[in-house]
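Residue numbers (this note's numbering), protein chains in the order written: chain A, 1 to 330; chain B, 1001 to 1284; chain C, 2001 to 2495.
No lab work stands behind these hints, which were simulated from the structure alone.
Just so it is clear, CB atoms sit at the ideal spot from N, CA and C, and this is done for glycine as well.
Among these hints, one or two may not hold up.
Chain A residues, not near chain C, derived (Cβ > 12 Å throughout) [to be verified]: (1) S45; (2) T80; (3) D164; (4) V188.
Label-pair ranges, simulated between beta-carbon atoms [as the list claims (entries may be wrong)]: (5) K62(A) / N2494(C): 55 to 63 Å; (6) T2425(C) / T1275(B): 54 to 62 Å; (7) E2422(C) / R145(A): 31 to 39 Å; (8) I2032(C) / R1050(B): 50 to 58 Å; (9) Q2022(C) / P142(A): 38 to 46 Å; (10) R1050(B) / K275(A): 54 to 62 Å.
Not close to chain C: a few residues of chain B, all C-beta gaps over 10 Å, as computed [as the list claims (entries may be wrong)]: (11) P1020; (12) S1024; (13) Q1073; (14) E1102; (15) D1113; (16) W1121; (17) P1134; (18) G1137; (19) P1219; (20) D1226; (21) S1236; (22) V1254; (23) S1258; (24) G1283.
Each chain, letter by letter, is given below.
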Amino acid sequence: MSTAPLRLVTPEDHSVVIQTSSQVPRIESETQLRSILATLSGVDSVGAEARVAKLATRSIKKSTKMAALDLAISMVDLTTLEGADTPGKVTSLCTKAMRPSPMDLSVPSVAAVCVYPDLVAHARAVLKGSSVAVAAVATSFPSGRASLNVKLMDVREAVANGADEIDMVIDRGAFLSGRIGQVYEEIVAVKQVCGNAHLKVILETGELVTYDNVRKASWIAMLAGADFIKTSTGKVPVAATQPVALVMLEAVRDFAETTGQIVGVKVAGGIRTAKDAIRYLVIVNETVGSTWMTPDLFRFGASSLLNDLLMQRLKQQRGTYIRPDEFSGD
Amino acid sequence: MSDRLEVRKTYKLLINGAFPRSESGRSYEVTSAKGEFLANAAQGSRKDLRDAVVAARAAQAKWWSLSAYNRGQVIYRLAEMAESRSDELVEFVKLSEGVNSEKAKASVAKAIDRIVWYAGWTDKISQVLGGANPVSGPFYNFSVPKPSGVIGVITPQDSSLEGFVECVIAPLAAGNSVIALASEKRPIPAVLLGEMTETSDFPAGVLNIITGITSELAPELASHEDIDGIDLEGVSASFADELAFRAAGSIKRVLRPSKKNQKNSIHRLRAFVETSTVWHTIGQ
Amino acid sequence: MNSVGTDMTENNLANSKLGSLQYDPAPESAAIAKLKSSYGLFINGKFTDPSKHEQFETINPATEKRLATISQGSTSDIDKAVKAARKAYDNVWSKTTGAERAKYLYRIARIIQERSRELAVVETLDNGKPIRESRDVDIPLAAAHFFYYAGWADKLEHAGFGNAPKPIGVAGQIIPWNFPLMMAAWKLAPALAAGNTCVLKPAETTPLSALLLGEILQQAGLPDGVVNIVTGDGATGSALVDHPGVDKIAFTGSTGVGRLIQQRVATSHKRLTLELGGKGANIVYEDAPIDEMIEGIIDGIFFNQGHVCCAGSRLLVQESIADDVLRRLVRRVEQLRVGDPMDKNTDIGAINSADQLKRIKELVAYGEQEGATRYTSSCELPKKGFWFAPTVFADVSQSHRIAREEIFGPVLSVLTFRTPEEAITKANNTNYGLACGVWSEKGSRTLWTAERLRAGVVWANTYNKFDPTSPFGGTRESGFGREGGKHGLEAYLNV
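Next comes chain A alone, as it looks inside the complex:
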């Protein structure tokens, strides 16, 4: 860790001081990786949860709330990851992604849609000409339990089909049994195969369980070249939580200050209400500041969240509570 000179802090840089001259260290061995991780501080779970609870009391009203709702909408990765997905389902999803509210064209489009690799080409076609990106989950999502060859093939096909973003899963079995070198190398390999597609690394924090593990896994992913670190697949009982997001945001902040590399964060799974989404934005705001308050660096992986954001937005405008049927069910 570098030691910046002490000075009186001015309001503009109350967020993060990003090193311009440092680099991401090259990791040659698991031992070296282990020694870097050993320099990380532990997380006191009581303290982390208390911080999140206090941030949840922030009262976000009026124009701040409108700005937050629009920002959240623009940060959504509208997702469908079901065995029963069909081209028809994906068409509906993409249409909604481009124009969430046909009655109100001032509503921004979402950041991306998120689908399985075999539906990428279809999504691409429907979204042609729009600003909405196509993200594909890959690497034997959601379990990640397959050989590296199979997982890389999964990624290659998704990229060949036109995916702009790849959401990969880490090997939790390797992580939990201490084979962190293997976790690291797999991410490096996937990154290479991504080409121009940007890489989100899903940590599956619900399976990592402890905040210490979340912090370690975040650093492994970032050192290996992740563009984004992501909480969950949404396919296990415990998905994104606010304390987990806090720990991940602290990790990207510290990583930026140490290496100059800016990594984004995506929270996914179980985020259903606008209230929740705004709470996450407050955590982003007060942990890393304005640099991350953009879809380029923060995303919500969700499906039903979008309609609640639209409802709350309309409620702010009309001043009354809205019926769910006001919006399409897609």
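Assemble the complex: chain A is given as a structure, and chains B and C must be docked to it using the hints.
Below, chains B and C alone, put in the same frame as chain A:
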């Protein structure tokens, strides 16, 4: 003046926050002390008990995860509910026990005050029963009383409310969940109190109440292996021996009927806690 | 400022109000307080005029606007109150069973919960602390104290003081302005539970929540005279301390005044407990959980604007991580939202009085003179009211005044240490001994440190945590006696 026909109440079991009839479909007659018909109470079965134990086990973790302050507030709220419905309780204590209004009122008032007494214990038990132990050596050592878990309570046969409260609220205050066998012949005040727990923020399954034939249900309670402790207050001495023998099969904590009249004793709290002692090294 | 909702490009969203940490005002409504224009003294169950018809004003320290007119209790008012308390003790309260006393206290706890929003607004208007703190900390703890001690009233024989411990009689209780309602609860609840009657003297600058409590006592049906509330300044407090009809004095406030009280009471029969000042050391070892530790240091000194006797006003940080900690600390201080206490998003409120602000400024000027390096938040302070921007002094040494004297404001002094032994020596190098913090992920070292600290309270990996079950109080010149837990009963029993 035309007589309005009353809408009569059905008295059911309390299991996992719901009020089912017995899965056996059986019922039995409950009469007042003077022999008047009061109700067809559910006659609980072995399977009802089994369901109650499953509910109680799941609920106990939830109950213990609340702060002690919270548990105290929930039990105090039960007292609030009982106070506001005390007329109803007085009427049924009177009918069930065959006492006059004055005695019934005093009994209900006493029962409510005992609920309040136990409510105030939730956040004090560990201060009275636990503490730091000055072991030899550089160790921090402290003992903490934790609840035993799921307690089966055979409540008194005669004291339909006061006795029920004493035997049931104590283990709850210590953090246990409870399956209570109500008095066979005088179950209604207990059933009423059970209804009141549902408006007191008790998590479902923390208190379960089974009405029925004591001689049929008690042995089942005593031998069920997923019950951690049993209170034998509501059976005769000889039956208690038999039940204690059954309970020994899974090394249950057994509380025998107390002969002494211990005013303000906390033996009912002590009976169903497990002292857990932690050592931690002290050093740079 | 950018207009919102028109241009949806990423840049504008990032620069929008949310992105630059600005939130729209989210004010709580002052009307909820339902303040009266003037208040009498609460004696023998009723609000009455003061005998000498002397009054003073209480103001909102955030705006300097008048809130209400308060009665100045004279010596004869104190006499009336003590006599009322004595009569209530002899005729009613000493004859009330523990179970009945308990039920009064439960009622009071419940009503505080019911009227919590009103009480929180009154507290913030009168004291200057953020509404979030009144709402989430002060009022809930006040209710919890009554709830906890209600439960002891009928169980005194289990508290470890013998089979049938008796109350002392009439308690005179003088409380400070930093946690007005909470301090009233800390005093009244155990005293009443144990069977005593009380005369309470709230602080001069923060009488309102105590007066509202008087109304609550009426609503709870508490018998006349069991609690009496006499507002006024230092003279009123003196009269209470000196009154021969009082059997026990409980005082929370500065060590200076505590000393005077102890001297005055020394030749009398009165029992005494004191909760005085402190200069808490927050010890940070190099293996501390970094982010939670930064929050803990911030909470330790800036919570309640630093108006906390147990504040972690000295940071003792292990030298190996001092630079990094200081950098993170200063960054975090800059994020603190200082301003309108009635805004739900405010972190730091107003200084309670002009006097207190003057004192803080004097000591801070001294700190600069002594050569410490000063970092002060660049936050904008409101024009009216009493305000001090959160400040951190680095390069402080043990011999500096700002390392030794209690500032009682949002000012942190940072010192370093090399080894655990040194940390303890420095932490204990004070005449105070109220509270300390220890930050480390190594349990054995934390416990080793806690064992050696001369402090009534040690917080490990946390700070400023209060609970009615947990005894609180100081050693040495931070006072004697404990509040909270079963230990808190001792002060009010004849044992």
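Here is what the structure says about each hint:
Against the 12 Å criterion, S45(A) falls within the reach of chain C, whose nearest CB is about 9 Å from its own CB. In this structure T80(A) is separated from chain C by more than 12 Å, as the shortest Cβ-Cβ distance comes to about 24 Å. The beta carbon of D164(A) is kept farther than 12 Å from every beta carbon of chain C, the shortest such distance being approximately 16 Å. With a minimum CB-CB distance of about 28 Å to chain C, V188(A) clears the 12 Å threshold, and the non-interface call stands.
The hinted range of 55 to 63 Å is satisfied by K62(A) and N2494(C), whose Cβ atoms lie roughly 59 Å apart. With their beta carbons about 38 Å apart, T2425(C) and T1275(B) fall outside the hinted range of 54 to 62 Å. In this structure the hint that E2422(C) and R145(A) lie 31 to 39 Å apart at CB is violated, the actual value being about 52 Å. Checked against the hint of 50 to 58 Å, the pair I2032(C) and R1050(B) passes, with Cβ atoms roughly 52 Å apart.
The hint said 38 to 46 Å for the Cβ distance between Q2022(C) and P142(A), and at roughly 39 Å that hint holds. The beta-carbon spacing between R1050(B) and K275(A), approximately 41 Å, falls outside the hinted interval of 54 to 62 Å. Taking the minimum C-beta to C-beta distance to chain C, about 33 Å, the non-interface status of P1020(B) holds against the 10 Å cut. No Cβ of chain C approaches the Cβ of S1024(B) within 10 Å, the least distance being about 42 Å, so the stated non-interface status holds.
With a least beta-carbon separation of about 7 Å from chain C, Q1073(B) fails to lie farther than 10 Å from that chain, contradicting its non-interface assignment. E1102(B), annotated as away from the interface, keeps every beta carbon of chain C farther than 10 Å; the closest lies near 20 Å. A beta-carbon of chain C is positioned within 10 Å of the beta-carbon of D1113(B); the least distance is around 5 Å. Once the 10 Å rule is applied to beta carbons, W1121(B) is inconsistent with being away from chain C; the minimum gap is 7 Å.
Distance check for P1134(B) against chain C: the nearest CB is about 12 Å away, which clears 10 Å, and the non-interface claim stands. Every C-beta of chain C lies more than 10 Å from that of G1137(B), the closest at about 12 Å, which supports listing it as non-interface. Against the 10 Å criterion, P1219(B) stays outside the reach of chain C, whose nearest CB is about 36 Å from its own CB. Look at D1226(B): its CB is around 32 Å from the nearest CB on chain C, clear of 10 Å, so calling it non-interface holds up.
Against the 10 Å criterion, S1236(B) stays outside the reach of chain C, whose nearest CB is about 32 Å from its own CB. Distance check on V1254(B): its Cβ is at least 24 Å (rounded) from any Cβ of chain C, clearing the 10 Å threshold; non-interface status holds. At the 10 Å boundary, the C-beta of S1258(B) stays outside the reach of chain C, the nearest C-beta of that chain being 18 Å off. Interface exclusion of G1283(B) from chain C breaks down, the closest Cβ pair being 5 Å apart, not more than 10 Å.
Going through the hint list in order, the structure does not satisfy hints 1, 6, 7, 10, 13, 15, 16, 24.
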